[in-house]
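Q: Sequences are here, hints too, so could you generate the full structure?
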Amino acid sequence: MNHALRRNLVPVMLCVLWVALLGTLAATHAWILSPRTLTSVLQFATILSLAAMGMGLVVIAGGAGIDLSVGGTISLSAVLGMMGLGAGLPGYWLPMVCLGCGVMLGLFNGLLVTRLGILPLIVTLGTFYLFSGLALALTGGGAIAGVPDWAVGWGRARWGALPMPFITVVLPAFVLLSGLMALTSWGRWIVAMGDNERAARLAGLPVDRVRLMLYALSGALAGLGGFISLAWLGSARPNIGVNVELEALTAVLLGGVAITGGRGGLVGVVSAALLVVMLRTALLQIGINTVWQTGAIGALLVVALLVNRFSNSRG
Amino acid sequence: MTIARLASCLSIAALSAALPLSVAAQDTPSVAFVPQLIGIPYFNAMENGGNAAAEDLGMQFIYQGPVDANPLDQLQIVESLISRGVDAIAVSVLDASAIAPLVDSAASQDAILFTSDSDAADSGRPVYVAQATDEGLGFKLIDELVARVGDDATIGIVSGEATASNLNAWIGFMRDRVAAEYPGVTLLDPEFAGGTAERAAQLSTDLIAAHPDLDAIIAVASSTCPGVAQAIETSGKEIMGTGYCSPNTARAYLKSGAFGFTVLWDPYQLGYLTVWAGKQLIDGAGFAAENEVPTFDAPVTFDAETGILLLGEPFVFTAENVDDFDF
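If you're matching them up, the sequences are chains D and R in order. In terms of the UniProt record's numbering, the first sequence opens at residue 1 and continues consecutively. In terms of the UniProt record's numbering, the second sequence opens at residue 1 and continues consecutively.
Hints are computed from structural coordinates only; laboratory data are not their basis. Predicted, not measured: the structure shown is a model, and the values here were computed from it. Be careful, since some hints might not be right.
The following label-pair restraints were derived from C-beta to C-beta distances [to be verified]:
| hint | chain 1 | residue 1 | chain 2 | residue 2 | range |
| --- | --- | --- | --- | --- | --- |
| 1 | R | GLU313 | D | MET83 | 33 to 43 Å |
| 2 | R | ALA121 | D | GLY153 | 17 to 27 Å |
| 3 | R | ALA121 | D | PRO206 | 49 to 59 Å |
| 4 | D | LEU89 | R | GLU135 | 29 to 39 Å |
| 5 | R | ALA179 | D | ASP149 | 33 to 43 Å |
| 6 | R | ASN321 | D | LEU22 | 48 to 58 Å |
| 7 | R | THR186 | D | SER178 | 29 to 39 Å |
| 8 | D | ARG158 | R | GLU135 | 38 to 48 Å |
| 9 | R | ARG175 | D | ALA87 | 34 to 44 Å |
| 10 | R | GLY236 | D | PHE310 | 50 to 60 Å |
| 11 | D | TRP93 | R | GLU135 | 35 to 45 Å |
Ideal Cβ positions, reconstructed from N, Cα and C, are used throughout, including at glycine.
A: So this is what it looks like as structure tokens:
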């Protein structure tokens, strides 16, 4: 097997899975491939894609990087955003408040990881419970209604079959971050420190600063996700981020990012996030029991890891 | 490449295995019910009732729900059912605000969205199939409990999801009843256990330790009943457990004495009534103030103002009568 193919085995697998999924649906359930399904898939993939991009960059940067707190960050920033409005902030501040909360929560993770040198898995597991618990405690478990009409109008609007939040947030974020990865020295630093942190430090790269920024970025994307949840559902719900961290991690690994860092890209991550949601939507519309859907996504992840392992081995 | 090929084969195999399950038949009218989560006896009983009604009324019944009580997953399931062209969809709402975006979506596909078991009152749904009024359930449980443990009791509450609107409504009415009728009773703030029995056991154990004078614990969600009972049994204290627990869940605890009684309704009948209501909506027949439903002993009341179709009075299960029921 030639080297290029082996190195790109996971993206190849992803393409094959997409073709297989769409091909099978076209052959057997063509009615599922409708604009309606496209809308639904993009809508349910919006928050997941944002969280997965942040998680992806944190993982690529290595150092056992992972951000399990994204779900909690989404919930807490949505709740804090609405509480800000309740405290008298004007409505147009809402996106900024959510984004700002996300950045602060992400920085908190980043500081614990870079300054105190605690393992990211442990830090973000702790802050996952902290953030989600705080969101529940602040609301007493109930939803906070009263999202401004302009936000709800935007959150539920569509351009053709494409949901507005996807076009106006996910796409620009994707283009921006892909550009960052491909064109700037930051992008090369991120990959370099993930590939060999010691070498990166010796070469004088600002490893800790980059890592801190990436956790803040992951928080910022989760904060945007929180705002989108407000605009889409019309209320702040303290458990809106439940399970997002695990689904995002699934998308990251399925998208070809090496869990040890240094390899992978955002194209794979976003396309894997869409694949997971598409698969689930298709299985739902065909009418397969939800228990099997969870299993199907788990099986997909195991296969991805096997392929990943296979493509990792050199020689 | 072999692994990639294997993966594609697997996914094709998985999808084609699903072919016979496809719901494309548009001849018989179809009603779907989306529970809060699948795989628990309560919703299984509703599924059975729905199947029986579908057979009696000549309908197609679809039962599909999330594997854990996650509002977004439930939303996605409802969305998919609308896309599949199901005629009427009943939802046991996990979070009232999440259903709002779906009402327009359903109307645009000529589907009727209504609620059953747990409501979203402001969503514009045409009918809510209610198991009992929230007030009736909250009051009944407090009345029965105070009659057994006395009107100076300290009572703890263990609930399920903190966002479940039905559970929160019952707790609200318990508080109202205590405030209005039993000033001597201390009702502690509810603890939320999510959907798992282990968490409920841990919370109950902590409650018992933190309040030495605790007289009773109420398990508000059916999923918390075993955990509460287990904590009471292992504490060895004179504490009465109760809650909204199905007979099968509570049978052992009722007989061991850990639970004094439980309050509930028959979810089998609720599932039956849900499918019947779906048929009425599809036929455009509407509801009268009192409705004769096949296999039901008493007529079912409908309140046109609130849009509530009411199953009937809540029922008290005790060690004596629990063997007469199986759900």
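Q: A separate judgement is required for each hint: does it hold in the structure or not?
A: Results for each hint:
1. At roughly 41 Å, the beta carbons of R/GLU313 and D/MET83 sit within the given window of 33 to 43 Å.
2. Hint check: R/ALA121 to D/GLY153, Cβ distance near 23 Å, so the stated range 17 to 27 Å holds.
3. The given range of 49 to 59 Å is respected by R/ALA121 and D/PRO206, whose C-beta atoms sit roughly 55 Å from each other.
4. For D/LEU89 paired with R/GLU135, a C-beta distance near 37 Å keeps the hint of 29 to 39 Å intact.
5. Checking the proposed 33 to 43 Å range against R/ALA179 and D/ASP149 shows it holds: the Cβ atoms sit about 37 Å from each other.
6. Under the hint 48 to 58 Å, the C-beta atoms of R/ASN321 and D/LEU22, about 56 Å apart, fit the expected range.
7. Take R/THR186 and D/SER178: their Cβ atoms lie about 59 Å apart, and the range 29 to 39 Å is violated.
8. The hint said 38 to 48 Å for the Cβ distance between D/ARG158 and R/GLU135, and at roughly 41 Å that hint holds.
9. Against the hinted window of 34 to 44 Å, the Cβ-Cβ separation of R/ARG175 and D/ALA87 comes to about 27 Å, which falls outside the hint.
10. Our hint of 50 to 60 Å for R/GLY236 and D/PHE310 holds, since their Cβ atoms are close to 56 Å apart.
11. Between D/TRP93 and R/GLU135 the beta carbon distance is about 40 Å. The supplied range of 35 to 45 Å therefore holds.
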